[in-house]
Amino acid sequence: MAETGHRPVPVRAHEDPRWVQWTLTLTAVTVMVLLVVVPLVNVFVEAFASGPRVYWKNLFEDPDTPDSITLTLMVAPTAVILNLIFGLAAAWAIARFKFPGRAFLTALIDLPFTVSPVVVGLFLLLLFGLQGFFGPWLREHDIHVVFAFPGLVMATCFVTFPVVARELIPLMEALGAEEEIAAVSLGARGWQLFRMVTLPNIKWGLLYGVILCNARAMGEFGAVYVVSGHIAGKTDTMPLRVEKLFQEYNLPGAFAVASVLAMLALVTLLVKTTLEWKTRRELEENKRLLTLGGEA
Amino acid sequence: MSITVKNVTKSFGTFVALNDVSLEVPAGELLALLGPSGSGKTTLLRIISGLEAPDSGTVLYHDEDVTDAAVRERNVGFVFQHYALFRHMTVFDNVAFGLRVRSRPKAEIRDRVHELLRLVQLDGYERSLPSQLSGGQRQRVALARALAAQPKVLLLDEPFGALDAKVRQELRQWLRRLHDEIHVTSVFVTHDQEEAFEVSDRVVIMNHGKIEQVGSPAEIFEHPANPFVMDFLGNVNVFHGSVQSGRATLGNIEVAYPEYTDSESRAAMAFVRSHELEILRTKNGRPSLEAKVTHINPARPVVKVRVYSETFGVVLNVDLSWDRFTELGLVPGDVVQVSPRQMRVFVQDYVI
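Going down the list, the protein sequences come from chains A and B. Per our numbering, the very first residue in the first sequence carries number 1; after that it's consecutive. Per our numbering, the very first residue in the second sequence carries number 1001; after that it's consecutive.
So that you can see chain B by itself, here it is in the shape it has in the complex (with noise of 0.2 Å):
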């Protein structure tokens, strides 16, 4: 069941959750919510579920308008961050609830339940309390549970939000599993970015309400769209400089910018993730800035460096490999060079 959202605006008093979103999402997909707290991510998800109402815009699934359709007619599966498990039910009970409020026979139910529980590895538990679980098996619980009545789609609000490091890549690796095997379209919202580009088929970058930018996952790492999602995604280094006539200039660094031809000079921002840095000891003519090592750590697989620029009075953070740190043989107060493999540039009409 494909889900289309269009043109859905909503506010809270006047704090503008979301601005006029648009956002389609094809059957049997898994798609990311991602964005920072307040980018209106949870709101999307909500009012695709029918727990939040939206001001204006529609919501269909497939070519049914379920805008004014409430949570229990649309037949969502609905996983919250903190479970929400039924605490006095068992575990039994608990997968069985979708089912029996919809009077569906005890045999049918038994063997559904049982059925979901070997889905997420947990048959045997039957009998257990909600209290009586870890965290990772209690999300599970609340995912067979919201998937027991077959529902047209599913939805996820943080789900691995609340569970330690170790248990949430597990579950998100299982997720990805689980969801190659039953197909159900899903939405699932997430801060984190490497649960989103590791779990989904397409993600969607969100900020102040807004759709940043919509891709797969390689698209996104590849071509972010603007420098909220470069600067969103992380690891990069930013610097400050100014295009001109298909020329960016950054400090003494030059590069070709062909997108802008003007010869008035504006302002732009360099992204340069920290592993497309190099570190060299002596300039060999490609466009490099001198800077001075300041903390080295060599955590794996990668060795972290962290060096000062004078220049552009700026840290960079620079991604080594093992190889090559070694062949360096780097030490704390070194004055190397620093140069960038590749570097997007973005003329400065954003304000992150």
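So that you can see chain A by itself, here it is in the shape it has in the complex (with noise of 0.2 Å):
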């Protein structure tokens, strides 16, 4: 802002100069349309490039594909419940508790978002394999875990462990614990507390979490690709589907696949766009009767 002295009013961010704006937005509008639209369209002029009609033969002719969706369909919403639960739990003793240990804790949330899926994919593999920790154990109960669906659970279920507590934390704290006392002070009990009180003013937000959870458990790939083991119609999801006909050089099947991924993610995206608009008004909504009350 070397300009600043020469000029009464203080330069304002939308008053740079024309050129910084033009160029900083077209480079933005640039890599977005080589990034992510070219792609996007591509998958789909792709995947309809010989018309519907084979279109629906890719997608159905072999059994395995509708057999990828169902197992995704499957895999990512109990993985998004179980994140749910954690979620709202890890988010509740985070914002509500004070206890040692805390921000290690919060920490810790961050972990999946840092650690390469395949590395999670592989210390499930070590701990749950045949070979690994707990193998001898699952053998003699004969429970599957990798190679199979809990094995896929479980990984979609790390991988995707921070998206629902990290949106409940700041939102939770903003809230307060104010009304939750009022309505321990008026008798109410836990989970009355929670179902009457907590409940209402977080459900946009817990929705938000949900969607986005949902959103990366369906495009998970690292992970899952370790612990899945590739059984055709049995352990392999979208994902995998896309990458296994894709090296299979059915490149007209793997876009058909792709489509449908990419179809879900813009449904999520649009239900995201609008749950995200609810989230910011209830923070606002917040933040305004925390101003209105005075100080604390």
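Hints may contain errors.
[As the list claims (entries may be wrong)] Listed below are several chain A residues computed to face chain B (Cβ distance under 10 Å; list not exhaustive):
hint, residue
1, Glu180
2, Ala182
3, Ala183
4, Met196
Since the hints were made in silico from the structure, they are not lab data. Here a beta-carbon is modelled for each residue, glycine too, at the ideal position from N, C-alpha and C.
Once you've looked at the hints, go ahead and assemble the two chains, each given alone in its own frame, into the complex.
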């Protein structure tokens, strides 16, 4: 801001020189188009290249493909429900209680975001694989974790664990515990308190977290890749199926499955944007009520 | 339902919030806990309510020991400084909350909520959300909500603290009238002495986790127990001097002080309220000291005159009636005689 000295009015962000505005906008748009829009459009163009009939055939001719869609639609919601419970518990603990190790737990929640999913997969393999730590015990009880549904859910859960919790912690911290204390003073029990006071206040944020978690869960590749074992029709999720078809040079098939994934992503995006708007209003309303209330 | 607090102590880390506090609140009384911030008044209220547990000591409701009972078992009505209304619920649902969690029948809930909303003069607001109400209205909803389940005791934590002066004034008088109507044993916390004195039957003055004095507003105002209470009540001038053989000497002012007959001189403080000081043009034989008028503030209903006494090196605040002020015709710079009509002397073994 070298020019401030000569101008009576301080320079604000929107008064940056024209060329700066244009360069920045153009760069952002170019990157977006090249990396997001073109590939996305390409997926649909390639998928429908030979018309809808061929598209349909690509999706349903080989029973392994619809099986992979079904599997993904089972793994993702299971992981989401588990993470909803974990996320609520973690957010409640961090936002409402002061306990030793609270900062450590907060940091730990972010761990899955920083660890490579492949490492997570290997980790599960080492623990639950037949040669792994729990291997003998699992074999004895005939429980299949790795190369089976539970392994897929665990891998997905681990990778998407932070999503719900991270969405809820700031929201619950902004809300404060006052209403909950009031509810307790009025005689509410734990479940009544949660259902009647906490849940209505965080519902949009919670739903937003769930949608985001679901999006991540459906698209998860790395961790699932390691623990799946690629048993066609049994442990191949949609992303794995796309990769397999691609490796088999079945490009139309790969693009068809990819287009289904992309469509699910677009729906998620739409729902997410709506919820984001609702959550922001929720947060703003909370802040407004807090400032109206005066200083603590 | 009477409340008894016996030898309650509570610390937060190294900070002692309450130090062996005992207190009796007779059934049906409206009691104020008054003190500066950090005096322990809110902690005491929260311990009475069960929101906080004491380190030692007991709390009784009537004859029942409730020290270890959870808040929800005690059936108290608690009103928070920042209302703590349920923001997503209507006024009706807010007030009905305490009844719904107790699974009362629908018709009873409806009747009770309407009755309470009439009591707090908010009938017609059933469908409003808290965000659509003013601060004063919100606090009345909070009060109705606290009273809904017919609590044994009503506890209010700085209930008017977040409101502006005019609304505060109205709500104060309204709370007093409400209490006269429903007679539920009530304890409220405030740091505003005017509020405490205007609303309550009895006032408890607290400081540093201890109770300094308990009494009716008149008792406390007329007979402050110690320098802290005197000073906290405000509007006082402080003189430093000494006591010896039944006399207190404060500069050239001497008054009888029969409480201390020892011949050994001890430091003492004398407190004179602003309205207990008189301004004279000339000495009239009564003890007085010379001072110079530095500032005149004609704030109704009294004129507040500030004078500076060189002998003591202190600024004194004097309240004069308008008649007296006109009669004297004071202007800044005048040299006058200031004479105390009454003063309270405390031997200084007390550190504020």
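A quick look at each hint next to the structure:
1. Contact between Glu180(A) and chain B, as hinted, is supported at the beta carbon level, the nearest pair being about 9 Å apart and thus within 10 Å.
2. Proximity of Ala182(A) to chain B holds as hinted, the smallest CB-CB distance being about 4 Å (cut-off 10 Å).
3. The interface hint given for Ala183(A) is met, as the beta carbon of that residue sits about 7 Å from the closest beta carbon of chain B, less than 10 Å.
4. Hint on Met196(A) holds. Least Cβ distance to chain B is approximately 7 Å, under the 10 Å limit.
Consistency with the previously given hints is maintained throughout, with no hint failing.
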